[in-house]
Structure formats: C-alpha cells, structure tokens
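**Q** Here's the letter readout for the chains.
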Amino acid sequence: MENQLFWDKIIDFPLEGRSEKPRQSGLTMVIDKGMGPAAVKDWLTLNAPFVDYMKFSFGTSALYPEDVLCEKIACVRNSGIDVYPGGTFLEIALWRGKLDEYLRRSLDLGYSCIEVSDGTLDIEASTRRETIEKARGMGFSVITEVGQKDARDSKPLSALLDQIRDDLRAGASKVIVEARESGKSVVIFDGEGKLRRDEMEQLAAAAPEGTLIWEAPDKKQQHQLIERFGPNVNLGNIPPDEVIALESLRRGLRGDTFRSAIQRKKERA
Amino acid sequence: MENQLFWDKIIDFPLEGRSEKPRQSGLTMVIDKGMGPAAVKDWLTLNAPFVDYMKFSFGTSALYPEDVLCEKIACVRNSGIDVYPGGTFLEIALWRGKLDEYLRRSLDLGYSCIEVSDGTLDIEASTRRETIEKARGMGFSVITEVGQKDARDSKPLSALLDQIRDDLRAGASKVIVEARESGKSVVIFDGEGKLRRDEMEQLAAAAPEGTLIWEAPDKKQQHQLIERFGPNVNLGNIPPDEVIALESLRRGLRGDTFRSAIQRKKERA
Amino acid sequence: MENQLFWDKIIDFPLEGRSEKPRQSGLTMVIDKGMGPAAVKDWLTLNAPFVDYMKFSFGTSALYPEDVLCEKIACVRNSGIDVYPGGTFLEIALWRGKLDEYLRRSLDLGYSCIEVSDGTLDIEASTRRETIEKARGMGFSVITEVGQKDARDSKPLSALLDQIRDDLRAGASKVIVEARESGKSVVIFDGEGKLRRDEMEQLAAAAPEGTLIWEAPDKKQQHQLIERFGPNVNLGNIPPDEVIALESLRRGLRGDTFRSAIQRKKERA
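So the sequence lines, in the order shown, correspond to chains A, B and C.
Here the first sequence is numbered in the working numbering, starting from 7 and rising by one per residue.
Here the second sequence is numbered in the working numbering, starting from 7 and rising by one per residue.
Here the third sequence is numbered in the working numbering, starting from 7 and rising by one per residue.
Okay, chain A solo, but in the shape it has when bound (with noise of 0.2 Å):
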C-alpha cells in the first residue's frame, strides 16, 4: 500500500486506524450482479485493495457459461479477495438433496467461501451445523448469514443469537446480518431503512468483536455503523461502484465522516 494511499505522505485523513489487508476486521464485502469478464478486471485494478470478499448475488453463478465463470472466479481470487456462490443457490442445493454435488462443483469452479444461510428455505440447526461442517472439511471458508429476506418469515431476536453462537461452535469464520438489496423491514433495518439501535446493540453484544458482518446496502446505514463501530467495523451488500466511496467514508474523506471527526475535535479542544 506505499504507493496505494501516496497522499497519506502529505495529509493525514480525519479517520484514523483504517486497516489494510489482510485484515480480520473492517471487511468489505461486495454483491455482484454479473459483472462482464472485462469490466470485473478494470474494477479489481482501483477496488481490490478495499474488498475482502464478494458474493456472486443469489443463483447468478447458474447463468454464467462455465469458461467465463472460472476466469472471473480466478481473478477475484487473485487479487485476494474471498469469493463464493449467494446463499440462496445453496439452499435451492439443500431443498433439492444435492448439497454433496453443489459443494463439489463449487469447489472445481473455484471458490473459496461457501455461504450458509436460511433466508428462503426452512433449515433445522443440524442440517445447518452439519452444512457449515461439511464445507469447512472441504477446505472452504464458511460465512453465515442470520435474518429472514421475507419479512413474513422473521424470527425473534433470540433466535438469531443463538444461530450465531451455533454457527460460529460449528467453524463459521463470520456471521452475516441480513438486510437485502433494499436494506428495509429486515433484523436491524425498519421500513424506511432507518437502525434499530436496539436489534444493532444485542447482536453485537452477542458475537465476538469483529465476528459480524452487517450489511448496509445505503450510505446513510453505512454512515450510522461507522459512527457507531469505527472505521473498521464489517459492512456488506455494498454494490461494486460503491466501493471507493465506502473506502472514502470509513476514512473520513466523505462529507458525514470528515464532519463527525471535526466535531469530535472541537469536543476534545
């Protein structure tokens, strides 16, 4: 990163502590809607410093021809970035009895994270530990994800912390709160998209520090979580051309962040 932040040498950004890669927080995880062979390249060349992994969305990885998909797998991986198949694909695995094929074939194609989740579909806990087992001894990186995509689905909050609890026991290297494409109506969200600091606060008392990743798919919840963690925290969902401006956010280079570090100046003086 030496000629990376080269502006670092001359000014010192408002947020600081921001941590580089490989780091074991402050991830940024990425959805992909099915980025072009090209197009993925160019973005790696600015954004690969500041992603740590990025979920190919949902069932896509069922569209791409198998040649275009290796190679985009490849290049994300290269640039060190964790990458893997959307949770959703793997449950329509789970409900057709083919989770031995579906892991198999994911790992031929390449990736290196497998994502565990129930959004859609019923799950016992067994099933789910078993699952997050059975990838782990194929030498994939598990996340998890807690937290309904329908709202008609929703759990109790104690129920979500004890799926991160078990989650994590069963080899989970992180856990991740959902909140869509919409980040509305979902866990920590409300129907306007506004924290329920509440929700926010029990989940990250329960999960060791770190542990969680909180997906904020709009910038003013990105914001919100910054303020609250730090620059560091875990953030998700984030759509690739966001990126930079996430990056410029947990840096204190963004109007929201640049402004909260002043203020926290003038408090101090």
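These are calculated hints, taken from the structure and not from any lab test.
Do not take every clue at face value.
Claimed, not checked - Okay, derived cross-link-like pairs now, SDA-like style, lysine to any residue, Cα gap no bigger than 20 Å in a straight line:
1. Lys271/C - Leu100/B
2. Lys15/C - Asp114/B
3. Lys39/A - Ile37/B
4. Lys271/A - Phe235/A
5. Lys190/B - Arg158/B
6. Lys104/B - Asp128/B
7. Lys226/B - Glu187/A
8. Lys161/C - Asp224/A
9. Lys104/B - Ile17/C
10. Lys226/C - Lys104/B
11. Lys47/A - Asp128/B
12. Lys226/B - Glu198/A
13. Lys39/B - Cys76/B
14. Lys161/A - Gly199/A
15. Lys225/B - Asp224/A
16. Lys39/A - Asp247/B
17. Lys47/B - Pro43/A
18. Lys226/C - Arg186/C
19. Lys225/A - Gly189/C
20. Lys27/B - Asp128/B
21. Lys27/A - Pro71/C
22. Lys271/B - Ile129/A
23. Lys39/B - Pro55/C
These figures come from a predicted structure and were not determined experimentally.
Take the given structure of chain A and dock chains B and C to it, following the hints.
**A** Just chains B and C now, kept in the frame of chain A:
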C-alpha cells in the same frame, strides 16, 4: 445452451419451463442509455442468452458518432438480439414530417426493428397504421407501445384495447405496455408503483398470449408479473445490469420466486 | 461535430440552439465515483462531446494508485474536459494546514481545475479568497461551491449571494450550487427534492449569466431547470451513465422536453 447452464445437470431450478432463445414468449427487452462500445461487448458475454430486444432509449441514437452507432448495432444483432431506436425518436421524425428519411436511415444503420409509439405526440390512428405498414414493408419487425409518458395525456383503457387490436392487425409483432423509467402512475402501475390488477387483467385478456411486453423497471413489479403469468412473461425496460438478476427471478434462483415455488410444492403435498 | 450529430441533417431537434464545445454555458459537470481506467476510456468514446467538467468525488483521489490516477486524469483532459478533485479533499487539506502541498500535488498529478468549497468545514471569507487566488496563481481554473452538505449547517440565502459575488471577484470561473448526491433539503431543493423557485430565482439574479452551475442529480430536477433556463443551463453532479440521457433532454429528444416543444409550437400557432 448446453454449456451455458451447466448447473442444470446437477440442480433442477425451482421455477421450471423457462424458454430458451429464439423464443416467442418469455422475452426480455433491455433499455440502453448509452453503454460504450467496449462495455456492450463485455456485457453481451454474459447477457446475450437472456435478452431478446434492445432499445437505444428515446433519441439517444442521434448522439452517437455514426461509426460507433453502426458497430454497436451490429454487435447486438450478431448476438441474436433485435435492436431498435426509441419510440420518441420516431415521434420526432413524424412531427418533423421526415418519416421516410427516418426509416431509410434506420435501415442503413442496421436497426432490425422499429418502435411505433404515441408516448408524447398525438398521432392519428390512420397515421399509426400506415407507419406500421411502411416499416413492415421495408423489412423491419415492428413493436408498438401503448400508454402515455405524461399522466396528463393518459387515455381510457378502452382506447388502449382498441390500439392493441389495431396494431396487431396492421402487422406489429409485439405491443409494449408503457411504464416509463420510473414505473409509476402509468397504465398498470399506480402512483407508488403498485400493480393495478384490474387494468392488467383487461389488457392481458384483450391480446393473444405472448404478444404483450410489460414494462416493469422495478424488481417487485417483475416479481408480481412472474407470479401471475409464469417465468415466460414478456418484460421490458430492464436496465442492462439487471438482466442476470431478472433471469434468476424467472428461474426461481432468487429468494422471491424460490419462496413461491416452495409454497406451491407444500400446497400440492 | 459534423460527423457526430449526423442525424441533424435529416431531423431538426425539437429544442434548438444547444451550444457545442468548447462553450461558456450549457456546461455539464459529471461526478465520478471511481470508474476504472478502461471504463473511463470507453465512456469517453460516446460522452466526451457532452461533458465539460469532471469531478473525482470528495476524497476518492486519495485512494488511487498514483500511476492509475495520472493516467485517468490525462485521459479525461485529452478529451477536452476540465478535471478536478472534490471540494471535500481541499477542505481536509485546509483543516490539516496543508494547502500548499495539496495544490502542488494536484498540479503534478495533472488536475486542471480546483474546487473551493465549505460544504463541511467553516472557512473564513479571507481564507476562501486567498485559496482561490493562490490556485489561480498556479494556473488552475477555479470552481467554487456554495451551500452546505449537512442541513444543520445551512446558511441564509443572503450569505450565499455574498459568497457568489466574492468568489467571482477573487477569480472563480464558475460557482456551483450544492445539491449533494441526493438532491434533497439543500439550497434550491426541498426535503422531497422539489424546486424552491424563489431561492433559485434570487440566486440566478445575483450572478452574471452562465456563471452558476446547478447541481441536479435527478431527471425531474434537470428537466425543470432546462424548462426555466433553456437547453444551455449549466448542470452538475450528473452521474456518468446519465450524460447521454441529459443531452437528449437538452435537445428535446426525450419525452419531457419534446412535449414542451410541441406545446410551445401549438401556442405560437
């Protein structure tokens, strides 16, 4: 498509029966706002199998260098996609009394299809019919559009039903139901973008199956139309970077339609 | 532009009198959030004739590898577009007491223009004036911005009018009226993004014609400003992939402005 959907061999998709190209129904029409020549080629790598029509929106064709426009048109057509300039541009040509020049130029540029609309201009029924017939006579396929761009101009539903019948009789292959880029306050969508089911059912009943293309820019709208008409409903005004997501929705690879597939299976059991 | 607008020869555009580059009014300013080096070249193929200024938003310049940044700046400048780092970045430099280093580095990187704003930081009028003069002295063109990013910081309109007068006197070529990325609750737009006509008229009256650039991220806002000031109004904060659509709007090639052109013609008849 053997190689394309290689996952098919191990996992049946939740929504079955999705048609493959070339197809008469299940069409996806994309609205292009000016992708660059390299971007469009890269985009076709993944998206060509899932797109049937591409519109260069409103009068944007007028803003390209001629060689870039010709190359882009050729690229898209060579991927088995019908391509046409936006209906507004034809309305301008009619308004200026330059229809013949407009059609001749469109043919020279390589366009394979013409959209006949009255989204902005008042056009006599006889002029509309003659325009369709003239374009057909020159070898274009013709798509017409019903519904006004400005809520102040909107016509009663019965007038749209007459137009659909007349357009098909004059030689149009498909009729698009206008929803604008916003998907609000227009024909089958109310001021908040919600479906007006009555209007939709009356339109659907009036046209032979597969002849209507519903503009539906929003994911929720696409979902509702797929729920009602199945995976092979014709959908239009899809942004280029939403095609893969829509195709996932059509095949039940996304939470929303996967959820319905699960419920239907439960109900049958 | 002979070859560019070859359609012109057969169809006069509904809104006439659109200026061509290089121009003093009718400017389009684009906000870049981090297009990759290949994407920006491809984008210029179609968009260069319609763009006058490009801003690398807030502090994003700080996140590029130096060689990629220089190449991107050179590319954009070679297409006849003035390019500058976001105003927030200059505010950070001022806050850190590093203005001279900031300007020197910006010059070395190839930036041709500097934005002087107080969107986040409180800046003394004298500091603002000296900053403008210093940048001008080093050969930059200078754009200033009036209006605060956070509604809590907003100033009375009279203060903005004074600032505009002072900025132009100190050597600024253009003054941007802040609307943020959202276009809501800021200077000429209310909480729903609707135009506050009184404020707009007072600002317009205070500045020599063609010196204000209105930030207007939303299509409806662009439309209203074109209706009021004509096709050659200066507009800013345009997303890169909306430039062609905006140019269509300026020339009456889109439903909204085409409709007005028809009505005016009817009224004259």
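**Q** Take the hints in turn and mark each one as holding or not.
**A** Here's how the hints hold up against the structure:
Note on Lys271/C and Leu100/B: the hinted pairing holds, with a Cα-Cα distance of about 15 Å set against a maximum of 20 Å. For the given pair, Lys15/C sits about 15 Å from Asp114/B by alpha-carbon distance, which is consistent with the 20 Å threshold. With a C-alpha separation of about 17 Å, the suggested pairing of Lys39/A with Ile37/B holds against the 20 Å cut-off. With a CA separation close to 18 Å, the supplied pair Lys271/A and Phe235/A stays within the 20 Å bound.
Restraint check for Lys190/B and Arg158/B: satisfied, since their Cα atoms lie roughly 13 Å apart, inside the 20 Å limit. For the given pair, Lys104/B sits about 16 Å from Asp128/B by alpha-carbon distance, which is consistent with the 20 Å threshold. For the proposed pair Lys226/B and Glu187/A, the alpha carbon gap of about 12 Å is at most 20 Å, so the pair holds. Distance restraint check for Lys161/C and Asp224/A: the Cα-Cα separation of roughly 27 Å exceeds the 20 Å cut-off, and the hinted pair is therefore not satisfied.
For a cut-off of 20 Å, the pair hint linking Lys104/B to Ile17/C stands: about 7 Å separates their Cα positions. With a CA separation close to 29 Å, the supplied pair Lys226/C and Lys104/B exceeds the 20 Å bound. Our distance criterion of 20 Å between C-alpha atoms is broken by Lys47/A and Asp128/B, whose separation comes to about 48 Å. Distance restraint check for Lys226/B and Glu198/A: the Cα-Cα separation of roughly 16 Å lies within the 20 Å cut-off, and the hinted pair is therefore satisfied.
In summary, the hint linking Lys39/B to Cys76/B is supported, as the alpha carbons are separated by about 16 Å, within the 20 Å threshold. Pair hint Lys161/A plus Gly199/A holds up; C-alpha atoms about 18 Å apart against a cutoff of 20 Å. Straight-line distance between C-alpha atoms of Lys225/B and Asp224/A comes to about 17 Å, which keeps the hinted pair within the 20 Å bound. Restraint check: the Cα-Cα separation between Lys39/A and Asp247/B comes to about 7 Å, which is no more than 20 Å; the hinted pair holds.
At roughly 10 Å between alpha-carbon atoms, Lys47/B and Pro43/A fall within 20 Å of each other, so this suggested pair holds. A hinted pair counts as satisfied when its Cα atoms are at most 20 Å apart, and Lys226/C with Arg186/C qualifies at roughly 15 Å. At most 20 Å may separate the alpha-carbon atoms for a hinted pair to count; Lys225/A and Gly189/C meet this at roughly 14 Å. A hinted pair counts as satisfied when its Cα atoms are at most 20 Å apart, and Lys27/B with Asp128/B does not qualify at roughly 36 Å.
Only pairs whose Cα atoms come within 20 Å are accepted, and Lys27/A paired with Pro71/C is accepted, the gap being roughly 15 Å. Simply put, Lys271/B and Ile129/A have alpha-carbon atoms about 16 Å apart, close enough for the 20 Å limit, and the pair holds. Taking the CA atoms of Lys39/B and Pro55/C, the gap is about 16 Å. The hint holds against a cut of 20 Å.
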